[in-house]
Amino acid sequence: MAEAQAQQDAVATPASVQTRSRWEDFSRTFLSNRLALFGLVVLSIFILMAIFAPLVAPYDPLSQDLEGKFAGPSLAHPFGQDELGRDILSRVIYGARISLTAGLAAVAIATTAGTLIGMVAGFFGGYTDSVLMRLMDVILAFPSILLAIVIVSVLGPSLANAMLAIGIVFIPQIARVVRSSVISVRERDYIEAERALGAGNAQIIFSGVLPNSTAPLIVQATLTLATAILDIAALSFLGLGARAPTPEWGAMLTDAFESGFGVFVEGQHALIFPGVAIALAVLSVNFVGDGLRDALDPRRRG
Amino acid sequence: MARTHEGRKITRGDFLKLSGAGLTGAALLGVAGCGGGGTISGGGGAGGSTLIFGRGADSVTLDPVHATDGESFRVTRQVFDTLLDFAPESFDLQPSLATEIPEAEDGGLTYTLKLRKGVKFHDGTDFNAEAVKFNFDRWRDTKNQYHTGGGGQSADFAYYSSQFGGFDDDSIIESVEAVDDTTVRFRLKEPQGPFLRNLTISPFAIASPTAIKKDVGGFWQNPVGSGPYTFVSWERNSQVRVEAFKDWWGSKLPASEGFGGPKTKTVIIRSIPENTARVAALTGNQLNAADGLVPDDVPSIEEQEGFKLEFRPPNTIGYLAMNNQVEPFDDPKVRQAFNYAIDISKIVETVLRGTGEVASNYMPSLIPYFNNNIEPYPYDPEKAQQLLEDAGVTNLDTELWYMPIPRPYMPDAKSIAQVMQQDLKKVGVNAKLVTYEWGTYIEKTGEGAHPMCLLGWTGDNGDPDNFLNVLLNSASATPTDAYNVAYYKNPEVDDLLLKGQTTIVEGERQKAYYRAQEIMHQDAPWVPIAYVKPPIGLQTAVQGFEPNPTSSEAFNTVSIAGGK
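Residue numbers (numbering that gives the first Met the number 0), protein chains in the order written: chain A, 0 to 301; chain B, 0 to 563.
Possibly wrong hints are sitting among the right ones.
Across the chosen pairs, the derived CB separations fall in these ranges [said to hold, decoys possible]:
{"#": "1", "chain 1": "B", "residue 1": "K113", "chain 2": "A", "residue 2": "S152", "range": "56 to 64 Å"}
{"#": "2", "chain 1": "A", "residue 1": "T111", "chain 2": "B", "residue 2": "G438", "range": "35 to 43 Å"}
{"#": "3", "chain 1": "B", "residue 1": "L92", "chain 2": "A", "residue 2": "S152", "range": "42 to 50 Å"}
{"#": "4", "chain 1": "A", "residue 1": "S152", "chain 2": "B", "residue 2": "D155", "range": "53 to 61 Å"}
{"#": "5", "chain 1": "A", "residue 1": "S152", "chain 2": "B", "residue 2": "Q152", "range": "17 to 25 Å"}
{"#": "6", "chain 1": "A", "residue 1": "D136", "chain 2": "B", "residue 2": "Q152", "range": "36 to 44 Å"}
{"#": "7", "chain 1": "A", "residue 1": "Q202", "chain 2": "B", "residue 2": "N429", "range": "49 to 57 Å"}
{"#": "8", "chain 1": "B", "residue 1": "E348", "chain 2": "A", "residue 2": "S152", "range": "31 to 39 Å"}
{"#": "9", "chain 1": "B", "residue 1": "E442", "chain 2": "A", "residue 2": "V55", "range": "54 to 62 Å"}
{"#": "10", "chain 1": "A", "residue 1": "V137", "chain 2": "B", "residue 2": "R235", "range": "31 to 39 Å"}
{"#": "11", "chain 1": "B", "residue 1": "N394", "chain 2": "A", "residue 2": "Q202", "range": "32 to 40 Å"}
{"#": "12", "chain 1": "B", "residue 1": "S237", "chain 2": "A", "residue 2": "A159", "range": "38 to 46 Å"}
{"#": "13", "chain 1": "B", "residue 1": "G438", "chain 2": "A", "residue 2": "A159", "range": "55 to 63 Å"}
Residues from chain A that keep clear of chain B, each with C-beta distances beyond 10 Å, as calculated [claimed, not checked]:
{"#": "14", "residue": "F29"}
{"#": "15", "residue": "F51"}
{"#": "16", "residue": "L61"}
{"#": "17", "residue": "E82"}
{"#": "18", "residue": "L83"}
{"#": "19", "residue": "A112"}
{"#": "20", "residue": "G124"}
{"#": "21", "residue": "F141"}
{"#": "22", "residue": "R185"}
{"#": "23", "residue": "R187"}
{"#": "24", "residue": "P210"}
{"#": "25", "residue": "L216"}
{"#": "26", "residue": "A243"}
Hints in this document: simulated from the structure, not taken from any laboratory. Remember, predicted model here, so these are calculated numbers, not experimental data. All C-beta atoms, glycine included, are put in the ideal place defined by N, C-alpha and C.
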C-alpha cells in the first residue's frame, strides 16, 4: 500500500519541484531526532579535530617523555601520559585523523565496488545477477573481521592493507542494498520512458537508476563507516593495522596493554581514553546513520 | 509493514543506547576489579604443601635431551639430575650425581668422574656408571636402537650435536667407559674448553635406562629420572604435576648448596599464556609464584601487600644488531655512531625499569672471562653526528626491526624500538619501525634481510663460548638460519674464539676472550642494550626460592609458610 503511494508520488511530481520540499522534509525529520543530532555534533567535533589536529593538539603525538610514564591526567596532560610518556590527548586527536580517513577509505572502496556490482547485478538480472550475488554470499558467509584478518595476513600487516581488507569485506552489504533498490527502480515508468526515447544501458544506469537509488546507499555507507572504524581499530589492536608509533586508537590500546599488568594499576587512563574515543566515534556515526535512514525513508514522511 | 519497520528501529536504537551504557559499565567494573585484587591476602588458593608455579607456555617434551625450550626444562629439572650442577645463583660448578669436579687428564682428552653411591631412579633402578654410559651412548650413536623418541615436536638430540660437535664420528666425546660401578671415564677427540659446563645443562640429565628400554617412544610423556620429584601427570596446555620423591639422594645434603627437601609434597606447574591473566592469577592467590613478568609488572607487584619479587641473575643479552654486510653499516664509524647516538641507560632505567643492567659487552657480566675493563659507549649525540659526517652519511633512511613478542632478554621490544627511533632522529637518522610474526621474524633476520634488528640470547652453560662463538663467529653468519644476525666477520676474532673453545688452560682462555671482547667493542657490530634479570613474582609466604641464571629452578628448596 505504502509502496504504491510512493510510486504515485514519484510519477506525479516532477523532480525539480520536489527538491526543496524533500530537503525540508529531510532536515526537519533529521533534526527532530535527538540521537541523530547528538551524533552529528560529536562527529563534527571529531572531523574538526582530525582536520585541525596540528593546531588543536597540545603536543607532538610522537614526542616521548620517559620520566612521565603512565603519569595520570593533569593540567599539562588532561588525558595523562602513555607507556612512553607521550601525551594521550594529542594522540587521541591525531588518532581521529587516522581512524576517520582509514574508515572513509575503506567505505570508499566498499561503496565503489559494491555499487558497481549491485548495479550490474540488479539492472541486468538473470545469470549475471546470480553469479555476482552468489559471489557476494560467499564473502558474506565469513564473519567480517575474520575475513579481514585473513586478507591482511596474506597482504602483510599495514594500515593501508587493513583499509583495503575492511573495504573488501563490506562490498557485499553495499552491493545487496544497491541491487535491491535498482531492481525496484528499473521497472519504473520513467525508466521505461527513457528506454523508449532510445537511451543506451549506460545512460539509463547513470542518469536514471543510480540517482534514484542513492538514499539507501547513503544510509548503508554511513552505517558501514561505523563498523569500518571499529574494525580498523580491532585490526590495529591485533597488530594487523597501524603500527607503532602511529597514534591509532586501537594501536594505542594494544601498546598500553602489552606493556604489562602495570597498566591496570597505574595507567588505566591509557586504556580508557582511546577506548572512549573509539566508542564515541562509532556510536555517533551509527546515530547519524540511523537519523539519515529515518529522514530519507519516504514511508516515514507525513 | 510500517509496524515491522517501527519495531526494528526501536530495537536498533535501544541496542545502540544499551551498548553505550554497557561500555561505560564495563570500564567502571574493570577499574573497580583492579582496585579490589590486592585485598585478598596470602595463602588462599594454594595450600601449604603444594607449590603452584605459573608460566607462559606449556612444555614441548619431557625427555630432556629432546627439548630445547625453557618450559620443558622447567619440568625435567624437577624430575632429573645432571652429573654436575651450578651452585645456587651463580655459574660456579658444583658436584651433583658426580661427587667431585674432575680434573682434566691428558691435556683435556680424558675426564674421570666419581659417581654418588646408593642413588636410585624413581622406578627403583640403580644409578651407576652403566646408566651414565647408556644415556651418552643413546645420545651420541645414531645407530643405537634408543636414539629416538621425544614425541611429535622432538628436537632430535639437538643439544647434543650443538654442545658436543655432532653425532657418531663428529662427536667430541669419543667414548664413555664404565670403569667400575661408581667410576665413569669420558674420552674426548680434542680438548673442549666448556666440556664440564656442558655436563651441567638440563638436556644432559641422566634418565632411567630401564624406563627407556621399556618404552623409548613414550618416555617423553612419562619421564623417569632420579630427581627430587617424581612425575605424576601432564595435562597438555594446562598443567604438569609432580610429587616429592621420598628417597631423593639430595635430601640429606646441605641446603646452602641447593640440596635438601623437597619441602613441598606436590608441585603444579601451570601454563597461563596471557601475561596479564597470569599476573592476575598470582595477585588473586591462585598461584604461589608466576614467571614471565614484564617490567611494568614490577612496581605493581612490589606495591601489593603479600607479594614479593625475585630476580634471576642476568644470563641474557639483548642487542640491536646492525647488518654489517649492507651499507652504511659496513662502516665501523657508522656502527660506533649508533652506539653513541642511543641513550641506553635511559632505556634500561625507564623501559626495563631496573630489571636489567646496562650492557657494556657482548656477553653478560656473570659469565667467566667477562672483560671488566670495557666501558659502555657513553650517550653523546654530538660525537655520533660527527662520526656520521666523517663517514659521509647524511639523512639516512633505514629500518629498525623489532620483535613482536616479549622475550626473556627483551621484555618490551616495541617500546625500546620507539625510544631508539626518537634518539636516532636527533642525529638525522630516519628509522622506520618494522615487525613480523615471530616465526617470520626469526626466518628473515636469519637471512640477513634487515638493516637493523633487535634480538637477544639466553645462555645455556655459562661459558663465553656459548655467547660469543654462537652469536659473533663468522661461521654463524650463514645465508639462512644465521645466529650471527649482525653478519659480523672478523678473522682475528674467529681465531680467538676458536682458541677459547679448544684450550682448557684458564689463563689462555681468559687472554683470548678478553682480547675478543676488546675488538668487538671497537668494531661495534651491535649496540649492546642490557643484561636482563627476569623477575619472578611470589607470595611472601613462599620461601627458599633460589632464582637460577639458567631460568629453570629446582623447587626442592621451596617451602610455603602455612596458609593464613
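- Message: Please verify that the nearest CB of chain B lies beyond 10 Å from A/L61's CB.
- Response: violated (7 Å)
- Query: Does the Cβ-Cβ separation between A/D136 and B/Q152 fall within 36 to 44 Å?
  - Reply: holds (40 Å)
- Item | Check on A/F141 being off the interface with chain B, judged by Cβ distance over 10 Å | holds (21 Å)
- Can you let me know if the beta-carbon spacing of B/L92 and A/S152 is within 42 to 50 Å? Hint holds: Cβ distance 48 Å, inside 42 to 50 Å.
- Was A/A243 rightly flagged as not at the interface, with every chain B Cβ beyond 10 Å? violated (5 Å)
- Message: Is 31 to 39 Å respected by the C-beta to C-beta distance linking B/E348 and A/S152?
- Response: Taking Cβ atoms as reference, B/E348 and A/S152 lie about 37 Å apart, which means the hint holds.
- With 10 Å as the threshold, tell me whether A/G124 passes as away from chain B on beta-carbon distances. holds (25 Å)
- Item | Non-interface claim for A/L216 versus chain B (Cβ beyond 10 Å) | The claim holds: A/L216 sits with its nearest Cβ about 19 Å from chain B, beyond 10 Å.
- Query: So does A/S152 sit 53 to 61 Å from B/D155, Cβ to Cβ?
  - Reply: violated (30 Å)
- Task: Evaluate the given range 17 to 25 Å for the C-beta pair formed by A/S152 and B/Q152.
- Result: holds (23 Å)
- Query: Has the hinted range 38 to 46 Å been met by the Cβ atoms of B/S237 and A/A159?
  - Reply: holds (40 Å)
- Say whether it holds or is violated: A/F51 keeps its Cβ farther than 10 Å from all Cβ of chain B. Answer for A/F51: holds, closest chain B Cβ roughly 25 Å.
Comparing the model with each numbered hint stated earlier shows that hints 4, 9, 11, 13, 16, 17, 18 and 26 do not hold.
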